[in-house]
Amino acid sequence: MSDSNHMVTIYMMGKKQRVPADLTIMKAMEYAGHQFRRGAGCRGGFCGACATVYRKKGSYKLQGALACQKIVEDGMIIAQIPFSPQEKVTYKINDLKAEANTFLEYYPEIARCLACNTCTKACPQDIMVMDYVQAALRGDITQAAKLSFDCLGCGLCAMRCPAEIVPYNIGQLARRLESKYIEGPTEHVLKRCQEVKEGKFDADIEEMKKMDKATLSKKYNTREMKIK
Amino acid sequence: MKIAYYPGCTLKTTAKEFDISTKASTKALGIDLVELPRWNCCGTVHALAKDDVMHHLAPLRNLLRVEEMKQEGLVDEKRVVALCAMCYNTLKRSNQAFNADPDKAGKVRESMDNEANVYSGQVEVEHLLETLRTQGWDKVQARVTKPLKGLKVAPYYGCLLLRPRGIGIDNADNPTIMEDLLHALGADVIDFSYKQKCCGSYHTVYMKEVVADLSNRILTQAQAAGADIVATACPLCEYNLGNRQTEVVKKYPHFNSIPIVYFTQLMALAFGLSEDETALGMNKPDPRPILKEKGPI
Numbered sequence: 006m007s008d009s010n011h012m013v014t015i016y017m018m019g020k021k022q023r024v025p026a027d028l029t030i031m032k033a034m035e036y037a038g039h040q041f042r043r044g045a046g047c048r049g050g051f052c053g054a055c056a057t058v059y060r061k062k063g064s065y066k067l068q069g070a071l072a073c074q075k076i077v078e079d080g081m082i083i084a085q086i087p088f089s090p091q092e093k094v095t096y097k098i099n100d101l102k103a104e105a106n107t108f109l110e111y112y113p114e115i116a117r118c119l120a121c122n123t124c125t126k127a128c129p130q131d132i133m134v135m136d137y138v139q140a141a142l143r144g145d146i147t148q149a150a151k152l153s154f155d156c157l158g159c160g161l162c163a164m165r166c167p168a169e170i171v172p173y174n175i176g177q178l179a180r181r182l183e184s185k186y187i188e189g190p191t192e193h194v195l196k197r198c199q200e201v202k203e204g205k206f207d208a209d210i211e212e213m214k215k216m217d218k219a220t221l222s223k224k225y226n227t228r229e230m231k232i233k
Numbered sequence: 019m020k021i022a023y024y025p026g027c028t029l030k031t032t033a034k035e036f037d038i039s040t041k042a043s044t045k046a047l048g049i050d051l052v053e054l055p056r057w058n059c060c061g062t063v064h065a066l067a068k069d070d071v072m073h074h075l076a077p078l079r080n081l082l083r084v085e086e087m088k089q090e091g092l093v094d095e096k097r098v099v100a101l102c103a104m105c106y107n108t109l110k111r112s113n114q115a116f117n118a119d120p121d122k123a124g125k126v127r128e129s130m131d132n133e134a135n136v137y138s139g140q141v142e143v144e145h146l147l148e149t150l151r152t153q154g155w156d157k158v159q160a161r162v163t164k165p166l167k168g169l170k171v172a173p174y175y176g177c178l179l180l181r182p183r184g185i186g187i188d189n190a191d192n193p194t195i196m197e198d199l200l201h202a203l204g205a206d207v208i209d210f211s212y213k214q215k216c217c218g219s220y221h222t223v224y225m226k227e228v229v230a231d232l233s234n235r236i237l238t239q240a241q242a243a244g245a246d247i248v249a250t251a252c253p254l255c256e257y258n259l260g261n262r263q264t265e266v267v268k269k270y271p272h273f274n275s276i277p278i279v280y281f282t283q284l285m286a287l288a289f290g291l292s293e294d295e296t297a298l299g300m301n302k303p304d305p306r307p308i309l310k311e312k313g314p315i
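Which chain is which? The protein sequence lines are Y and A, in order.
Numbered according to my numbering, the first sequence terminates at residue 233, and the numbering increases by one at each position without gaps.
Numbered according to my numbering, the second sequence terminates at residue 315, and the numbering increases by one at each position without gaps.
Possibly wrong hints are sitting among the right ones.
Pairs of lysine to aspartate or glutamate residues, derived as EDC-like cross-links and limited to a Cα-Cα distance of at most 16 Å, are as follows [stated by the list, open to error]:
hint : chain 1 : residue 1 : chain 2 : residue 2
1    : Y       : K66       : A       : E144
2    : Y       : K185      : Y       : D100
3    : A       : K215      : A       : D231
4    : Y       : K126      : A       : E128
5    : A       : K20       : A       : E90
6    : Y       : K126      : A       : D231
7    : A       : K268      : A       : E227
8    : Y       : K66       : A       : D188
9    : Y       : K20       : Y       : E104
10   : A       : K34       : Y       : E104
11   : Y       : K151      : Y       : E183
12   : A       : K34       : Y       : D79
13   : A       : K30       : Y       : D145
14   : Y       : K126      : A       : E133
15   : A       : K30       : Y       : E104
16   : A       : K215      : A       : D188
17   : A       : K41       : A       : E53
18   : A       : K312      : A       : E227
19   : A       : K20       : A       : E142
20   : Y       : K102      : Y       : E188
Partial selection, computed: residues in chain A whose CB lies under 7 Å from chain Y [to be verified]:
hint : residue
21   : K41
22   : K45
23   : M72
Since the hints were derived computationally from the structure, they do not count as laboratory data.
Note that the Cβ used here is the ideal one computed from N, Cα and C, for glycine as well.
Same shape as in the complex, but just chain A (with noise of 0.2 Å):
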């Protein structure tokens, strides 16, 4: 099956081991993701002000893209998979926007008239974990060849794939989606409260201490749940909750390090991937020497 993938450029940049890990786990289950030949930014969420026309153009390009690529023969079906929390979020959300006002929808291909094909409306946008939640869980145990048994994964959600209702894939309050994939690759599961909690998201830029003050909590109460690593699916969650913990410590000396990873490494970790495909050399703090403790590596 192909499908058309929609990296976003922070898999490209700081989050490469999301795309590799990705590629190659996707890879291992028959999934064949093809990467839009052209795209431009997702829009980000600022694309979803009510009153902004221009705003939508970024996001729907995109979808035209995925269109395009049907029309070509590059993919399958009018499909495309998004790994950024805030890709998927605001490629659906447009797409959702142009679908329900057609004043709106008509502005946009105005706008776009030297564009030589015309946006339908019809691409499905959805999340990797979509895909392989309407594949199967049994098809993705099938494929582990190294179990993740006795390391204990906490996911963390964050906002952008939960919320608003109609556009989260799971339940906004307890979701659980993340926990029935760690569970086929036979790790250990820590639930915790704080799982769906803000990380801080763009306050990283300005005010550190925010999301200093959040990823505290965030991560305190998942190593209190007795977490040994934490699985996400957003790039700017494993940023906040990974690279920000040189400010965590600065606030609060007695924080102890834990390792933050994509679920795609984890996917990889499993399938019995090199080094090179898990990516997890890239993460900061560093996961492999917990991985190495607890066996997976």
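Chain Y with its partners taken away, still in its complex shape (with noise of 0.2 Å):
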């Protein structure tokens, strides 16, 4: 922690404000009296909420970043990006092939492709957006899924795609295909499937039904964990 008494200012939607200096921008946000209503989320850097874009002073460049991670820094000019609309296609995933057409079918867009990267560096989580995008065009499903697993979909790709390719879409429909085609359903799912259905679970759950919920928070507060 640095010194809490150090502050800093920042531009909010042009809004000049003294802040401390080791708030995130969502927290910075809140202290100067902003109330979220949209763009937050699980304030933790795993929902894709809270996309912020902001400049520094005397520079050129337009970065992003999630508000609930970010720290502020002095001369921050910030601007939420609250929701990026986007076309959702649908699909059955029982009908689709783990192949290149797949995504040219959904999502034909992608073939406009320039790999300019700037999806890359407006990525908040570092990740290589322009490779699973070019990835996925070549029918490289694997790589495009394990490239983009980290994708929390907060759209700021999307903003700043020149192709309007809205790339998280892509790796969403790219990890869905590697998990249903490629990998496949793994063994330890379809065996505890196996048991729900014989009915290995059914007196224990007709034991927690009748518990009251101070038995059930002891029970759940001191379960075991079997992490691999």
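Make one complex out of these two single chains by using the hints.
Okay, here's the thing in structure tokens:
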């Protein structure tokens, strides 16, 4: 923690504010009196709801960040992007093929990718966005799924793409195709589904249904975690 | 010798037989092609518009990746081999434009400022046919175990391997580089006057009839000259001359089908490689019946 008495100047939607230097953009905005109705979600860097763009004084660069993760810097000029409109196509995953043409069919605009890498520059998660769009374009679904894995769907890449591609839709489709057709259902999931079907946990569930809240909380908080 | 290998998207989708047979036949020749660990679209020819820096980023970013491969010791030289005629043409022309115009080079560098490295302009772009020519046709010949004797092959070049001057890998009006390769493989080489004529290129998307006309003319000429089969180095030519024969027949009912294969598939065949490696089951129309009839398989 830096010295909390240390203040910096930021510009929120054009308005000058003095805020403590060790706050995130989100907390700094709340410190200054802003109440979030849109553009805030988990506050832990996982949901992608708080996409924000900013410039720093004297720099030509427009930068992107998650407001709940990025610490304010002196002279930051900040604008929130509470929502990025997108055309969401519907498809039935069971009817798709794990190949390049699937991406071209549902998102034909990906063929316009210039490999300019602006999307990669915009990504607050440091994902190689352009590389995964390109991998999808050539049908390398495993690579597209792997590279896009950390995507939160914040939308900053889509806002910056000169070819008007929505990269996070491509990444999501790639991960769905990967898990459905390439990686396949994992053995332990199939085994557990079978156990559920066979009623292995029915008695436990019935027992839990009868518990009062305090017992249930205690049971939950002292549960055994088996994480490999 | 380890050389960087840029496959391009078509070799990973509709021209997998080109990729497979290339890897197998170059391996047989002791040429170690290493695919770029990171690569993107070559930029296709629209990257070459004079006033547009943005479009040069795709090809030049690939060349930067080759330089990074050299730095990391993945390859021996700053050289990249391309197979698809369009990738070859675009990568090489963009590289030339970068080196010829310092202003453009500067703008490209500025636009690629998030890369860890800066592209020097020093990567050499070559087509596999050039790699083989430099190595010597005798090296190819020495590796042949099943000469393609009695198979009449007409080489078809299309446009992007030969033009413009300074980029083309051979004489634009009368190229012979594929003939030299086919001679080394023991094939009967058929020369025909349409070997460098246009296949219709991207008209194949919206104006199939244009491609049907051109393919009909090219293939009828090859057949008139006695060809059993046509060899090509370009996936778009292969598609227009091969898959589009269904359109040719619609318009010209007397047209007789003739198979189109990649030169690398004939290499793999003459080197005695397996069916998986020649990948001859992936071409349309199927070249295997005529190859069986004429002996090679």
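Here is what the structure says about each hint:
1. Y:K66 - A:E144: violated (37 Å)
2. Y:K185 - Y:D100: holds (11 Å)
3. A:K215 - A:D231: holds (12 Å)
4. Y:K126 - A:E128: holds (13 Å)
5. A:K20 - A:E90: This hinted pair holds, its Cα atoms lying about 13 Å apart.
6. Y:K126 - A:D231: Given pair K126 (chain Y), D231 (chain A) is violated - Cα atoms ~46 Å apart, limit 16 Å.
7. A:K268 - A:E227: Holds, at roughly 10 Å.
8. Y:K66 - A:D188: violated (46 Å)
9. Y:K20 - Y:E104: With Cα atoms ~49 Å apart, K20 (chain Y) and E104 (chain Y) exceed 16 Å; violated.
10. A:K34 - Y:E104: Status holds; Cα separation ~13 Å.
11. Y:K151 - Y:E183: Roughly 9 Å between the alpha carbons, so the hint for K151 (chain Y) and E183 (chain Y) holds.
12. A:K34 - Y:D79: violated (54 Å)
13. A:K30 - Y:D145: holds (8 Å)
14. Y:K126 - A:E133: holds (10 Å)
15. A:K30 - Y:E104: holds (10 Å)
16. A:K215 - A:D188: Satisfied, since the Cα-Cα distance of roughly 15 Å is no more than 16 Å.
17. A:K41 - A:E53: Within the cut-off at roughly 10 Å; holds.
18. A:K312 - A:E227: violated (32 Å)
19. A:K20 - A:E142: This hinted pair holds, its Cα atoms lying about 14 Å apart.
20. Y:K102 - Y:E188: holds (14 Å)
21. K41: Violated, about 16 Å.
22. K45: violated (21 Å)
23. M72: holds (6 Å)
Checked against the numbered hints above, the structure violates hints 1, 6, 8, 9, 12, 18, 21, 22; every other hint is satisfied.
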